[in-house]
Structures are given as structure tokens and as C-alpha cells.
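2 protein chains.
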Amino acid sequence: MTAYEQLVAEGYLVAAAGSGTTVASVRTSPPAGEADSSKGFFTDLLPGEPDPSSFPRQAWGVALRKVLHTSPDGLFRYGDRRGLAELRVALAGYLARSRSVVVDPSRVVIFGGFASALSVLATTFHRLGIDRVAVEDPGLPPLRKVITAGGPAIVPIRVDEHGLRVDDLAAARVVLCTPAHQYPMGVVLSATRRVALIDWARDNDGWIIEDDYDGEFRYDRRPVGAMQGLDPERVIYGGTASKSLAPGVGLAWLVLPPRLLEPVLDTLRQRRDTVSSIEQAALADFIATGRLDRHLRSQRQHYRRRRDSLVQLLENHAPWLEVAGVSAGLHATALLHDRDEQAIIERAAARSVALFGIANHSIGAPTRQGLVIGYSRSAAHAFPQALETLAGILNLR
Amino acid sequence: MTAYEQLVAEGYLVAAAGSGTTVASVRTSPPAGEADSSKGFFTDLLPGEPDPSSFPRQAWGVALRKVLHTSPDGLFRYGDRRGLAELRVALAGYLARSRSVVVDPSRVVIFGGFASALSVLATTFHRLGIDRVAVEDPGLPPLRKVITAGGPAIVPIRVDEHGLRVDDLAAARVVLCTPAHQYPMGVVLSATRRVALIDWARDNDGWIIEDDYDGEFRYDRRPVGAMQGLDPERVIYGGTASKSLAPGVGLAWLVLPPRLLEPVLDTLRQRRDTVSSIEQAALADFIATGRLDRHLRSQRQHYRRRRDSLVQLLENHAPWLEVAGVSAGLHATALLHDRDEQAIIERAAARSVALFGIANHSIGAPTRQGLVIGYSRSAAHAFPQALETLAGILNLR
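If you read the protein sequences in the order shown, they are chains L and E. Quick note on numbering: our numbering labels position 236 of the first sequence as 236, and the sequence is numbered without any gaps. Quick note on numbering: our numbering labels position 6 of the second sequence as 6, and the sequence is numbered without any gaps.
So here's chain L without its partners, still in its complex pose (with noise of 0.2 Å):
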């Protein structure tokens, strides 16, 4: 009962007097990537979290008793507005060494999270009079709002099996896309397009921000690298902690084409979006000592397990279903071909289950339909459970 209740307060049964309880015909869920879209659910499959019962609370405890034991003075003071300077050359080692970004540390920037990095640089794109950006559709629904606050208005371009349709760009100067692991699809953009969209850069005077979210998380092959690696100058790489370590720890990098550098720390100067030294230093110091390669290759072990298993269930369960976009991220993209996508999503709401579909994250009407299924937010205790409450929701009809 009290389940139920939950249900109806949040919208999705509806509760008329003297005629039951039915399933509300409004969109069932709240949109994508909101931070308490599972709040209330038992189980939650949303996508965009690591999980939070994996991060290294020792090692993190042990780099930031370091930093607090031997840092100098000036760690407590206003720094550095693009963040601390270990950070930055941290960062810049790294993200050169994994994700082969093209980087010099003063041109790194830290932020409290991607979508506090993109506020800035959408109000920036704004006050260079860039009226407009490209987003793919679909994608993550937060972002666009966070770049229409910023004074931009949004341009969707359609997502194929080859990732972002850069043929459709021609209006924008400005694109935010996820080309490692499209968002929600899951294709990798392929080299074609990549070229493509470099061009379209060069040749209209235009930006390309890569929204590298999960680009640590290989299981099958190498990590496709960065595509700013192609053209520092053209494109604007964004990368976070969110998923290698937690949201908690509030840190998130752009790497900016050095045109762009004093435009967007214009915009800092004008907001004073403050991040914490001491978790700057901690991150640094993380970096440096290995530590956070170590915990990414136990996370990739732990996220690769959880994506058999799920594999192996929608293989077992549900072989209607076409699974993409597995070798990398925290979710699975789950084509549907002959079943409807909102009606999946309804019994797995009436069952307590938070599941997005590809609906969830769309601008324009869908071309396909399909689950986006996360499997990194349980606890690694839930996770059994979770699967089993899912296919339990696939065998119905």
C-alpha cells in the first residue's frame, strides 16, 4: 500500500475514488539524467552513476590527509582561477596518457561537474554572439536546458547507427557531443564522421565540445580516443570524476582550445564558481600516485561482470530485445522491434523499478524505441536482485 502511495504521489499510478488504480498516461518518468529521477523506486536501472558503495573511501581518506599534512599555505587561499596548478598538471598527464588529448596544463579548467563546466561555456558561446547550439537527439535532457539558460537556443541533429548525423549540423556553429559512447545510444562515432565533423569545424568557424563521460570505461578493446586529438584547436574536451569516482566529489575538467581560454575564464571571473582546493589537491595527488589507475582497473573488472551478467539475462529473458553499444560505459542501449518502449517502462514503474527508455531522452519523435538500462548504480549486494526484478518485468507481456 504504502508502495502504491508512492506511486501516485510521484505521478505514476493514478488514483480516481471508487474506480481503482490505474498506470498515469503521462510520460511515466521524469526526464533523464535528473539527479533523484530514482528517488522513491526500489530499484533503480537508470544510467549516470557509478556506484556509490565503490568509491575508495581509504585511499581517498589517505590523499586527503596527505594534501592536509603537506600542503603549502597557499592551498587555503583564492587560487587560481582555471583550479589548482597540480591538478591541472595531473590532468594533463593523464588525460594525455589515456584518452590522447592533446593538453598543456594552462589550458586546463576545473569546474564542480560537466554541467556546471557547459553553463559556463554556453553563457560564454552567448556572449560571443553564438545564438545557437547542436545537441544530439537523443541525449541527455539536463544539458540542453543548462545551455538554453546560458542564452543559446538548442538545434537537435538526429543520432544514426554511425553516431551524430554531421550532414545536419550546417545551421550550428557549436555542437555538444558524446562521440566515444553516444548518450544514450551507445555508438562509437565512426572515423567517417569524425573526420566529417572536424571539417564541418574548420570549415564554418565552428566548436565541437566531446563530452568524454565515460570514456574510462573499456571492456572489450582499446579506449577509442579523444577526437580532440584531432584538432585541439576546434574542439573542446570535457571530462569528470563522476564516473571514475563519484558526483560527491564535485570535479570536472574542460581542456579548451587556447582562442576559447580567456573568453571562458572571462566568464569565471563573472560567476566565482568556487571548487574546493583541498579535493582539487586530493584528485591530484590520486593521479600522481597511481591511485586512481588502480581503482578504474577494479572498476572496470567490477562494471564488466555486471555487463555480462546483464547481457547474458536479456539473452536468456528477452532475445527480442537487440542489445548495443555494451563494449564501454555504464549501460546498455536494448533495441526494441516489435514491442512498445513506454509500455516496458510502465510495468517496470508499477514493480517499483526506475528504467528509462530512449523516449526519456529524446527531442524529436523517436526513430527507434528501446531501454537504456544502467547497471552501475545498485550496490554490488542489489545487483542480483535488480536483474532478476528485471527480467521478471521482460517475461510479461
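Warning: the hint list may mix true and false statements.
[Unchecked claim] Derived contacts from chain E toward chain L, CB cut-off under 7 Å, selection only:
| id | residue |
| --- | --- |
| 1 | Leu64 |
| 2 | Arg77 |
| 3 | Pro247 |
| 4 | Glu322 |
These are computed hints drawn from the structure, not numbers from a lab. Beta carbons: idealized from backbone N, C-alpha and C, even for Gly.
Since chain L is already given, all that's left is putting chain E on it; use the hints.
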């Protein structure tokens, strides 16, 4: 020679080939409050930052360790947009007790710094159709830039011996002010003016942003309570850990009137400035265990001794200065009657002393001349030398 070159590079001195070096006739110091204003100077008598060598490294480390060992996993996830509940609860208790703020944890919102909070407020007011924000003149220059970047224009309001001239506010709907210790003049807003200010807000459907930037530092009497207590529906209370702990911690807060809570959260939803939840939890613990109170007690003694030394020095070496505003805060305002502020600041710059005057804080032509002497930024071991250097400068004519 190196010092000279540095001063030339920073524009304080002008080196013309063949004609020697002269003090630059342009403004000889950057606008007050810029993070790196004291860069390149040997002696730092700027206001605005606590002594970084007094940061409680040990105690903060204990709080962080406890947080990492005992917090539930939820700490590492995306959290409440207002900030960590534990911190909002701890702050509500602390602000009610120490600053007479009328506060409920649900209306406390955490930011990375006060300027960042002000940026969100400015954007919010702009969205609400408010296009002008009144500020104190003189006041802190970077905050003006933060406001105008958010949309509203600035309306300067004079400050006299009773504080902000409330009668001049008519044209504005919002005012940013420092009632407890006017920055930089040091005046406490008089009781009559406080009442008038609240009346102004009620009569004009206006809002008062109370920047309680150094409310914790009172030496000779009980702290003046926050204005917010007079009308929690009209006053937005703003506080920060940047003075009580350190800017590097990156934590500040607003207590919002009920009517403003949702509009501010809407802006945050679009900006997504995240603040480390680990540092938030550490501050919550620091407050709850009484460590913040202990730290502040020892800091007050530390700065009171510095203040006493400074006041003694000014009496001995510059009896022509009229010292004001020293019962609180981390700076003294030394009014000039028959000497030139700019000349003294240039003499200081030529001796590599970073020192601001009232002109550095003014919008219109200043009605008073005077020095704004910060006594908190030097490390303890460097402070006696800083005073001696100041005495040398004041003894020159």
C-alpha cells in the same frame, strides 16, 4: 632590480628608456577583491582573506576522516540541489545561535562561495523581472561585476557615518549590503537605518541581500545580530566559510525567504554548480562537534592581538589618521584628512606593499579619503615586519 622589473611588469612603475623609472600615473592597484591582487608584492596588507597558516589542518583532517569512515554511501551520489542535509541542519543551528538568523534547514542553500551565490541571486532576480540591484558605494568591486553579468544593472548608494543611506534606495528593488560591518568603511548600520531599510523593503516589495562576510569576528562587544532576524521574509542572509576557515574550503550559504526558494533552485537547476559533498559533510561535523566554535575563539584572539598592534602603530606613527571600524572584522579603515590617499598607496606599491584605499572600492568620486588596511592575510611570523614596513611608509611625506 628584480623587484623593480616586477613592479614595471605589473604596471605600478613606468620605465622609459633614458629617463629612469617613475611611478605609474594610472590606478596603481587592481580592483579590490581580485583573487590575485597581492601577487608579486612582498608585503600583503590587503583585506579579505584570513591568515592561511591558521587553517585548522589537524582538526579538518579529523572531520574528513570521520566523514569518510562513517557516512552512508549516499554521500557520494548526486544529492539535494540545496546542498547536504546534514550541513543545512548544522548551519541552521549555528546561524540561529551565533547570528540570530531566523532559519529553517529547508531554506538554507549551499554554494561554492558567496560570489557564486550572488551570481545565482542576480540571475534569479533578472528572471523575475528585476533589472536593478543597489550596492553600497564604496563596496567590493568584483561583486558588482557578478551582479551585472547576471543581468541587472548596478545602482550605487552612498555610505555615510550611519551606514547605507537608505533614503537613496527608492529606485531599486534589491539591495546588496553589509550591515554588520560595512565593507570597506567599517560602519555598523545604525538601528534607525535598519528599521528604515526593512520598511523600504516592505513598502517596495523589495529584497535585502545581507552579506555577513565577517560576522564571526567581533572583538570589543557582542556581535551585532544579523538583520535577517528583523524580517526573514525580506532579507536574504549570506554567509561563508572563507573567513572563518579558508577560501580554499569553497563553502558559502544563503538563507532564503520562502518566496525565493523555488526561483533560486530553478536557477541552480540550470547552472548545476556542484559543491563537494565530502567538504560539506566535514563542515557539518566541524560545527556539530563544536570545533568551529573553538577555532573561531582562537582566531578571534589571534586577530584581536593583530588589530591592537595595528591600532597602536597607527596611533604612534600616524596620529593624523582617524581609525574606524576596528571593533570587528579583519581590516581597519584609516581615514585621511589632510593627506593624499593615492600618494600613500603609490609609496606602498613602490616598497612592494599591497595596500588599498577607499578609491579602490568606489564607484562615484569618493567623498572620503582613507586606507583600507587588512591585517589578516600575512602569516603570523610575517606580521610584525609588515607593520614595521607600514610604519616606514606612513612616516614618509
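Cross-check of the supplied hints:
Using the Cβ-Cβ criterion of 7 Å, the hint placing E/Leu64 at the interface with chain L is satisfied: the shortest such distance is roughly 5 Å. The criterion of a C-beta within 7 Å of any C-beta in chain L is met by E/Arg77, whose closest approach is roughly 5 Å, and the hint holds. A distance limit of 7 Å between C-beta atoms decides the matter here; for E/Pro247 the minimum to chain L is near 5 Å, and the interface restraint holds. Interface hint status for E/Glu322: violated, as the beta-carbon distance to the closest one in chain L is roughly 30 Å, over 7 Å.
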